[in-house]
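Enquirer: So you can see what is in the structure, the chains are spelled out below.
2 protein chains.
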Amino acid sequence: MQPTGKHYVVSRPLYSEDAFDQEHKKTTRTRKTLLDHFKQYFTCDSKRAKNAALSLLPIISWVRIYQVKEWLLNDIVSGVSTGLVAVLQGLAYSLLASIPAWYGLFAAFFPVVVYFFLGTSRHISVGAFPVLSLMVGSVVTRLVPNNNTNITGLEGLTVEEQRAMVSASVTFLMGIFQLGMGVFQVGFIVIYLSDTLVSGFTTAAAVHILVSQLKFVLGLEVAGISGPLSIIYTLEKIFVQIEKTNICDLVTAIVVMVVVFIVKDLNDRYKSKLPVPIPIEVIMTVIACGISYAVNFQEKFGVEVVGKIPSGFEAPMAPNLKIFQMTVMDAFPMAIVGFAVAFSVAKTYAVKHDYLIDGNQELIAFGLSNIFGGAFKSLAASTALSRSAVQESTGGKTQIAGLLSAIIVMIVTLAIGFLLEPLQKSVLGAVVIINLKGMLMQVREVPYLWKKDRPDCVVWVGTCIASILLGLDLGLAVGLGIELLVVVFRTQFPRCSVLANIKGTDIYRDRKDYTSIYEPEGVKIFRIPSPIFFANIEFFRGKLVEAVGFNPLRILRKRNKALRTIKKLLKKGELKVTAKGLLPIGSSPIDESCDERNMEDLDRPSDYSDLPVQVNWNSQLPGNISVPQVPIHSLVLDFAAVSFLDMSAMKGLKAALREFIRVDVNIYIVACDMYVYEKLHGIGFFDDEVQTSMFYLTLHDAMLHILERHPDTTKVDSVHDKVPTDHTFDNLSNGRGSLRSRERRGSHNKEDNPETKF
Amino acid sequence: MQPTGKHYVVSRPLYSEDAFDQEHKKTTRTRKTLLDHFKQYFTCDSKRAKNAALSLLPIISWVRIYQVKEWLLNDIVSGVSTGLVAVLQGLAYSLLASIPAWYGLFAAFFPVVVYFFLGTSRHISVGAFPVLSLMVGSVVTRLVPNNNTNITGLEGLTVEEQRAMVSASVTFLMGIFQLGMGVFQVGFIVIYLSDTLVSGFTTAAAVHILVSQLKFVLGLEVAGISGPLSIIYTLEKIFVQIEKTNICDLVTAIVVMVVVFIVKDLNDRYKSKLPVPIPIEVIMTVIACGISYAVNFQEKFGVEVVGKIPSGFEAPMAPNLKIFQMTVMDAFPMAIVGFAVAFSVAKTYAVKHDYLIDGNQELIAFGLSNIFGGAFKSLAASTALSRSAVQESTGGKTQIAGLLSAIIVMIVTLAIGFLLEPLQKSVLGAVVIINLKGMLMQVREVPYLWKKDRPDCVVWVGTCIASILLGLDLGLAVGLGIELLVVVFRTQFPRCSVLANIKGTDIYRDRKDYTSIYEPEGVKIFRIPSPIFFANIEFFRGKLVEAVGFNPLRILRKRNKALRTIKKLLKKGELKVTAKGLLPIGSSPIDESCDERNMEDLDRPSDYSDLPVQVNWNSQLPGNISVPQVPIHSLVLDFAAVSFLDMSAMKGLKAALREFIRVDVNIYIVACDMYVYEKLHGIGFFDDEVQTSMFYLTLHDAMLHILERHPDTTKVDSVHDKVPTDHTFDNLSNGRGSLRSRERRGSHNKEDNPETKF
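Chains A and B, in that order, give the protein sequences. Per the numbering used here, residue 1 is the first one in the first sequence, and the count goes up by one each step. Per the numbering used here, residue 1001 is the first one in the second sequence, and the count goes up by one each step.
One should not assume that every hint holds.
One side only, chain A facing chain B, incomplete, derived with CB under 10 Å [unchecked claim]: (1) F20; (2) C44; (3) K47; (4) K50; (5) V240; (6) K244; (7) R495; (8) R509; (9) G549; (10) F550; (11) L697.
What the hints contain is simulated information worked out from the structure, not anything from laboratory work. Nothing here was measured: the structure is a model prediction, and the numbers come from that model. Backbone N, C-alpha and C fix where the C-beta goes; we use that ideal spot for every residue, glycine too.
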């Protein structure tokens, strides 16, 4: 690297946007209209039809390339492991949803079968997801509180049957939403769930889950509460009856939690040495189940157990439309959350194993999975990160593993489910709680975010607190609002700065940052460092007035008032036109008051039509008329960072520019994005006063142009004009030098003044 | 203008961001910390205390400069005119709020008195505002439906008394919100109500007002309905009983509407010739009142009249806390809407008459006005555009006019209110409806916006439809959501483009737009045309991969796999190191399959440590190992428009850059905003792989640097290197030429190669 040997040398014509357009031929690009897009989208030929069919049934693609020898064994091992975990989680998460345990098992069967055919991810394990189960639970307890019924069409059913119906219906509806979003290709909306938002949201969900499992761990009876602040009421109810804690439940839960915690830690620590992680949850559950059966905990200590599991599936049912009406506002966030989580997990594995997943097809797959599952009273399905990790880490290659896990679940459901009957609910609760570790640990992001990026921190904390206090659905909406607001906020109070030339370069930087700067008199360079739109256009106008140091509208009004006075005086003969300008006759003080009518006229461009001479506003005016002087003749706006502007911004900007133009300040807009420039054309930005000729390609182009137009205002560094400054790259003053020397000699080619070293 | 004479000539060292930093001394600026801001904010000295006191009582400032001789007459004329209008509007808008008419009169008295002392605007007329009154009305009808009571603490009161209590309490609460916002200086939040949003919202409000007045015009009895879709239910109820229309009411209303419409049109047309506009509404009301009394409409035709107006004010009351609880969610949007409208009207007049208004002080003024008003059972106060226009256009100079209008209202209330008793409600309804013309006409903006700016149009239509169907409060929230979403959406799918050099300049533009472009081989210039954040970082990464034509992660993995194979083969002795590179021994096909463990290692940087020779990935590899070639050696990212980035964007960008760096593509980031650059430092963007040396000042700096590093890849236009191309400003190839000639001759000063014409 020899930085001294590296030069930046440029010589080209000076370009305004107009001049550049004239010199450089543009290719005519035909932009597609909305209609073209529609046409293209709905055009159909055999190839597209085939592709569409294939993309709707992704199984065809991967079954074709299935390598039976190498993959099948892996898939079987993975399927069995995942199946065992799925049984356990199915039971546990049904507790979150406040429905009988076996409906959780269904969630590990029906949706998986549908996803097997329609899903594009080869590694996720479809089934119950704790956050989603909790959201179902809040609907269930709202619609079917412990005692009384208030849903028409469900009379005569037990509370448990009613709850299962509500859960199934809301799952069905959620499936419809997902399918709809997939069909209308709006899967992109999950983009709005940023990592920060999801992190805050899931942490809040973990808190909710923790609180909801406390009653099982303590063996207490707490009615489900829903709605804002429900978490506080639930905690209150628990603490009120804390002395009723079932010690047997509590001890079992603590033992399970401690053992699982330690073994999981060992699993992590000796990850590389273990062929598969120890399935400690499954082992502990089996042991706890055995002990509970042997000692007969249920009768001896009155613990709550999973209880009767009917062997076999239930007949499908039509969803309840009345429930649909009551749960529309709940099913939509569920559809979003369920899909968003599954998609993000699927994407992680897709990147890792280098295949593509299709967001909209995933929506269709999950939509149909949930519709199918809902019809068979299954709990809402998405994916659980922990279960998917088991499926992938034990070697699963395709959804064959998923299908096998479903078969394991089916076997448990049909044949050996009764073995789980003596299992304590507190064991399931303990397993759920211990799995929250990762989600709760996300809280460590807060100090990190606070240090790095405050607005992001606000999103995290805001979403988390709102979700804890208001409930998950409302909390998600509030979090989304905060997130969007933060984006706007980032551009709302931009750091506007006044730029100055860095001596000897064509570089312009914040004048406050550098010592060796050059600022020609009468020129202000103002940088707009963000897009302009309704939320910051007024702020920007204020900053602009602050930067130039005067309010152009006020000056325009004063000038126009002065003009009226001058014209009146001329009419009366109290002013005389001389070679030097206007001279007052007599010493009578000039009456400056002017009628306040036609106030609007004062904002119009100054009307010089009736005047015999030009008024020079910067010189002394006749009599005691005084108008503040305008200290600048040129204002350069750096538009490089203006990536878009809206109508409010356009109107505000135009008004601001017009005010400056009317007090004879030349405006230059530089480095404007081509699309913004085209857009300005489209929305009627230009007229007689605001013209395209103000656009220049670069700041330096505009600056050179200004210096040429106002050679008298550049007073500094005159030594550079005469003495060749050997190898100091003092180009700007050189630039001025060359411009002046050109004027002096009437020559316009740079070759003619070699002493300026270009 | 002689464009041929204008040259852009620059010669300076080539700058990377690091080199520039070294050469140019930066001033050390101490940025204020949050603490400093707090300190500054809470520092107190006598001057600040005085200023604070003055700003809390703006009346002191303007009373001091009050020019009694010139202003007082104007204020008196204006005050009387405004007072008459205020009486009429007070009566009319109380209909919107579903409360007895005289409480509307109170709104033109109590708040005005407080505002007189505290307000910073000299021209607005404080009092009832139709949209706000309607919002009060929807709360009133929700809490106190026609027949039954359900508010504790209000038992034993008549429906009308209860309604007045609800209206007063919600006004009080709204005042508290406004006062709170003023005290905490968060007045800026009204910025979020963009012109487009307000236009859509007020149009929807006009529709609601129109529908709510139909029953008065038709003389029907329709119970107030609130909540989503209430407008549809109301219309249904009206049309069901349309045959019960009171013809007398309808005819009176139509006559009033036609006359007012015509005279208002004349007022507009002969604006300049009339000293004051004809107060036709007041005239028609007085006439209608007289006729109704003379003919005794009430008994003859059963029309509904204003009825008994108690003369005098009512004793103040403590607001009802129970009502506070039930109306929190309604009072907040009312506080926002009320203030936003008043502030925007006040701002218009402040600009026109060239004085300053203070948003936070206005909030405090309106907050206390409404608290005071609410305590005296007044209707919620803001300002009505039409009434303020009367106050200003009849010559009002200060709030003395406002105070006088309040006195007129007081006189009417105390002394001559009974004269208004025979006034038909249908006349008031007609006056309200005819004043909706302007608001409804805003619908003409829709086609205009659709043509100019689709996203803005979406905001307008979305806000309007949501506000009509869901009600004003929910509609406003939905509109705000849409508006924020649209801002995000504008930057979400930015038009990324690949740039190319415009031949003979240092300008880079979209390669698809220009014909005469220069693109050196192996270099891609990618422009990011918007800020990057969570919603578009993935989109941008996708576009980047699309632009370069390969997926760097995939190539890295293939390379690392190939490396493993090569190392294995070297160990086995099946590969031999020769001068030409690696050569396979024997012709046995090389087994390319490699174990799938340690998948993560494949994403790490290639580990060449054990290899005896360098692997040239772009040449033929030994045996049948094949790795796709990387067609570029340099990737330039134009950051000029990246005005901010958040944590998600930082992480995504870093990951993307690392992938490219690991497959030996040099990354250059150019024209990065200084604050973004500093922020990248702050949030840990840089490490061993992603370094600050990739930042260059301008695109051309980076390009020249690349051309110097890769002289062999620039194959075009070699003729320029030898033959002096007279005066074609082919600077880029010249740039290369100079770089090469420098290398050839070992000379680094531009003076030494005059044939390159710099």
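Enquirer: Now look at each hint and say whether the structure bears it out.
Expert: Hints, one by one, checked against the model:
{"no.": "1", "hint": "F20", "in the structure": "7 Å, holds"}
{"no.": "2", "hint": "C44", "in the structure": "25 Å, violated"}
{"no.": "3", "hint": "K47", "in the structure": "22 Å, violated"}
{"no.": "4", "hint": "K50", "in the structure": "24 Å, violated"}
{"no.": "5", "hint": "V240", "in the structure": "24 Å, violated"}
{"no.": "6", "hint": "K244", "in the structure": "33 Å, violated"}
{"no.": "7", "hint": "R495", "in the structure": "6 Å, holds"}
{"no.": "8", "hint": "R509", "in the structure": "7 Å, holds"}
{"no.": "9", "hint": "G549", "in the structure": "17 Å, violated"}
{"no.": "10", "hint": "F550", "in the structure": "13 Å, violated"}
{"no.": "11", "hint": "L697", "in the structure": "6 Å, holds"}
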